[in-house]
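**Student:** Let the hints inform the model, and build the full structure from the sequences given.
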Amino acid sequence: MAIREAVGLQVEAFWKRNNLVLVGAGGVMVCILLWRVMFGIANTFVGLSEGMAKYGFLALSSAIVAFAGLYLRSRFTINPDKVYRMAMRKLNTDAAILKLMGAPLSGTDLRAYVMSGGGISLKNFKVVFRGKRCFLIFPIRGSERKGLVSVEVKNKKGQYDMRLVAVDIPTATGPDQRIFLTGDEEEYRVGGGLISELRDPVVKAMAATKEFEDRDEREDEEDAERKLQEAERRHHEDIEKLERVG
1 MAIREAVGLQ
11 VEAFWKRNNL
21 VLVGAGGVMV
31 CILLWRVMFG
41 IANTFVGLSE
51 GMAKYGFLAL
61 SSAIVAFAGL
71 YLRSRFTINP
81 DKVYRMAMRK
91 LNTDAAILKL
101 MGAPLSGTDL
111 RAYVMSGGGI
121 SLKNFKVVFR
131 GKRCFLIFPI
141 RGSERKGLVS
151 VEVKNKKGQY
161 DMRLVAVDIP
171 TATGPDQRIF
181 LTGDEEEYRV
191 GGGLISELRD
201 PVVKAMAATK
211 EFEDRDERED
221 EEDAERKLQE
231 AERRHHEDIE
241 KLERVG
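Quick note: the sequence shown uses the numbering used here, first residue 1, plus one each step.
Careful: at least some of the hints might be erroneous.
[Unchecked claim] Computed list of lysine-lysine pairs in DSSO-like fashion (alpha-carbon distance at most 27 Å, straight line):
id : residue 1 : residue 2
1  : Lys82     : Lys132
2  : Lys99     : Lys156
3  : Lys132    : Lys99
4  : Lys90     : Lys204
5  : Lys204    : Lys241
6  : Lys82     : Lys154
7  : Lys146    : Lys204
8  : Lys157    : Lys99
9  : Lys156    : Lys132
10 : Lys204    : Lys82
11 : Lys99     : Lys82
12 : Lys154    : Lys227
13 : Lys132    : Lys227
14 : Lys146    : Lys90
15 : Lys146    : Lys82
16 : Lys157    : Lys204
17 : Lys82     : Lys157
18 : Lys90     : Lys156
19 : Lys227    : Lys204
[Unchecked claim] Pair by pair, the computed Cβ-Cβ distance ranges are:
id : residue 1 : residue 2 : range
20 : Glu186    : Ser143    : 24 to 34 Å
21 : Pro175    : Ser143    : 22 to 32 Å
22 : Thr182    : Ala103    : 14 to 24 Å
23 : Asp238    : Ala112    : 52 to 62 Å
24 : Arg178    : Ala103    : 31 to 41 Å
25 : Leu242    : Asp109    : 49 to 59 Å
26 : Thr77     : Gly174    : 33 to 43 Å
It is worth saying that the hints were derived from the structure and are not from the lab.
Since we're looking at a predicted model, the values are computed, not measured.
Every residue, glycine too, gets a C-beta built ideally from N, C-alpha and C.
**Tutor:** Next up, the structure:
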């Protein structure tokens, strides 16, 4: 039993180190096998030019394997943009949030996310497909108030399972008001408080964005002032030239 377990651990470690190479090699083998089978079947019933048939079926088998790979990838990965759209749709259809923050709610390009888990692994000589999780955090703005949204989504066999949607709304006094649309405080702390770890850099980025906006305004004012001074200088030079000519 101990030997079997040791071998299993070695095989699992080898898989983790070389899974991309093994998956690629498997795809090539499937492509070649598919090509041979399709070419053999077609050649049995229809007389085809050997060169054209070989290359044609090779291209077809490659396309089939590529589409199969894309399909499997879509089933076991998570698109953060899709998660963001799902969260915004949920927020903009929640009456309590809209009443509290003011409709409509809009997001920004500022987002932070972390992927966890997922992929194919070997455990006890069995292939296991692990569900991937996405932790996403982004600011939103309503007509009356601003907030910070925290989202957790798990991919379960190609379906996005939304485990957490929480909004932190700043208050005039005291800590932020946290509202849960999906999930609870326990789900918020999953993964050792991963969502709260994402919060700090996003808050800093939001503060930096405000600082950059203020700096841009100052630079625009300085540029406008320089242009005005340059125009006045040229105007005075033109007047002096006219006076000298006169």
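**Student:** Does each hint fit the structure? Answer for all of them.
**Tutor:** To see whether the hints hold, each was checked on the structure:
Taking the CA atoms of Lys82 and Lys132, the gap is about 14 Å. The hint holds against a cut of 27 Å. Between Lys99 and Lys156 the alpha-carbon distance is near 33 Å, which puts this suggested pair outside the 27 Å criterion. Simply put, Lys132 and Lys99 have alpha-carbon atoms about 34 Å apart, too far for the 27 Å limit, and the pair is violated. Restraint check for Lys90 and Lys204: satisfied, since their Cα atoms lie roughly 26 Å apart, inside the 27 Å limit.
Among the hinted pairs, Lys204 with Lys241 is inconsistent with the structure: their alpha-carbon atoms are about 55 Å apart, more than 27 Å. Restraint check for Lys82 and Lys154: satisfied, since their Cα atoms lie roughly 12 Å apart, inside the 27 Å limit. Restraint check for Lys146 and Lys204: the C-alpha separation of about 15 Å stays at or below 27 Å, so the hint holds. Between the alpha carbons of Lys157 and Lys99 the distance comes to roughly 36 Å, so the proposed pair goes past 27 Å and is violated.
Restraint check for Lys156 and Lys132: the C-alpha separation of about 8 Å stays at or below 27 Å, so the hint holds. For the suggested pair Lys204 and Lys82, the alpha carbons sit about 25 Å apart, so the restraint of at most 27 Å is met. Proposed proximity of Lys99 and Lys82 is supported: the alpha carbons are some 25 Å apart, at most 27 Å. With a CA separation close to 55 Å, the supplied pair Lys154 and Lys227 exceeds the 27 Å bound.
Restraint check for Lys132 and Lys227: the C-alpha separation of about 55 Å exceeds 27 Å, so the hint is violated. The hinted pair formed by Lys146 and Lys90 meets the criterion: a straight-line CA distance of about 17 Å does not exceed 27 Å. Restraint check: the Cα-Cα separation between Lys146 and Lys82 comes to about 22 Å, which is no more than 27 Å; the hinted pair holds. For the suggested pair Lys157 and Lys204, the alpha carbons sit about 36 Å apart, so the restraint of at most 27 Å is broken.
Taking the CA atoms of Lys82 and Lys157, the gap is near 16 Å; set against the 27 Å cutoff, the hint holds. A C-alpha spacing of about 19 Å is found between Lys90 and Lys156, which places the hinted pair at or below 27 Å, so the restraint holds. For the suggested pair Lys227 and Lys204, the alpha carbons sit about 34 Å apart, so the restraint of at most 27 Å is broken. Taking the beta carbon of each, Glu186 and Ser143 are about 32 Å apart, inside 24 to 34 Å as hinted.
Look at Pro175 against Ser143: about 24 Å separates their beta carbons, and that is inside 22 to 32 Å. Taking 14 to 24 Å as the suggested C-beta distance range, the pair Thr182 and Ala103 conforms, at roughly 20 Å. Range check, Asp238 to Ala112: Cβ separation about 55 Å, and the 52 to 62 Å hint holds. Separation of Arg178 from Ala103 is about 20 Å and departs from the stated range, judged on CB atoms against 31 to 41 Å.
For the pair Leu242 and Asp109, the beta carbons lie near 52 Å from each other, so the given range of 49 to 59 Å is met. Thr77 and Gly174 have their C-beta atoms about 40 Å apart, which keeps the hinted 33 to 43 Å range intact.
In summary, the numbered hints that this structure violates are 2, 3, 5, 8, 12, 13, 16, 19, 24.
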